[in-house]
Amino acid sequence: MQDLGDAESPLTGDSDAGVETLAMVETLTLAMLTVEALAKVEMTTLTMVDTLTLAMLTVAMATVKVLEMVIVEMLTLVMLTMEALALMLVEVLTVKALAMAMVEMLTVEALAMLTDIADARGAVGDAADADDAGDVVEGVPVASAAGNDNDNVLHYLRTPVMLMAGHTPDEVVAFFSSETPKVSSVAGS
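The sequence shown lines up with residues 1 to 189 when you count with the UniProt record's numbering.
Think of the hints as simulated: they come from the structure by calculation, not from any bench.
Using N, Cα and C, we set each Cβ at its ideal position, and we do this for glycine too.
Errors might be hidden in some of the hints.
Claimed, not checked - With beta-carbon atoms standing in for the labels, derived distance ranges:
| no. | residue 1 | residue 2 | range |
| --- | --- | --- | --- |
| 1 | Leu77 | Leu114 | 47 to 57 Å |
| 2 | Val49 | Met69 | 28 to 38 Å |
| 3 | Thr51 | Leu75 | 34 to 44 Å |
| 4 | Leu57 | Leu80 | 14 to 24 Å |
| 5 | Met69 | Met102 | 31 to 41 Å |
| 6 | Lys40 | Glu73 | 44 to 54 Å |
Put together the whole structure using the sequences plus the hints.
This is how it looks when you write it as structure tokens:
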């Protein structure tokens, strides 16, 4: 076999042809390896870019989905809050209406009770002494001296109720007198 170190170069005619050939082969090999490495790097880079692009798209899509879910959730919460506020408002209005109806019922009931008490007093009032019965002090009829303090209280309670019902002061005095009262149901009739 021929020693490459002693062979002549076909290009230059030197005896260093082996080294030159070796250098050319090395250069070609390095060039091929470099091209292959560059191709691999390029392919790897493209793969990474594709992967990153897909990952970014996935993240972007996931982010959009998350944002959509958050927006839908916020809208749902806002709608639920509005609905809860509306229900609370209706409840408050209902409670207020019930309270007003209760106050109105209590007022009507209290007036009815006062009327019943005064009517009961009127039925028993005939037992009062005739000398003081029918006296008026500051526009309010007074019970007789023989009557108890409850009679005076009933007079004070009954008088405004009768006046509000449309009775005249003369009718009120006549009602509390010892005589049988003739009270009209409507004032002025």
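Hint-by-hint comparison with the structure:
A beta carbon spacing of about 54 Å between leucine 77 and leucine 114 agrees with the range 47 to 57 Å that was offered as a hint. Checking the proposed 28 to 38 Å range against valine 49 and methionine 69 shows it holds: the Cβ atoms sit about 30 Å from each other. For threonine 51 and leucine 75, the hinted distance range of 34 to 44 Å is satisfied, since their beta carbons lie about 35 Å from each other. Distance hint for leucine 57 and leucine 80: a CB-CB separation of about 34 Å, inconsistent with the stated range 14 to 24 Å.
Evaluation of the 31 to 41 Å hint for methionine 69 and methionine 102 yields a failure: the beta carbon distance comes to about 48 Å. Between lysine 40 and glutamate 73 the C-beta distance comes to about 47 Å, which sits within the given range of 44 to 54 Å.
Going through the hint list in order, the structure does not satisfy hints 4 and 5.
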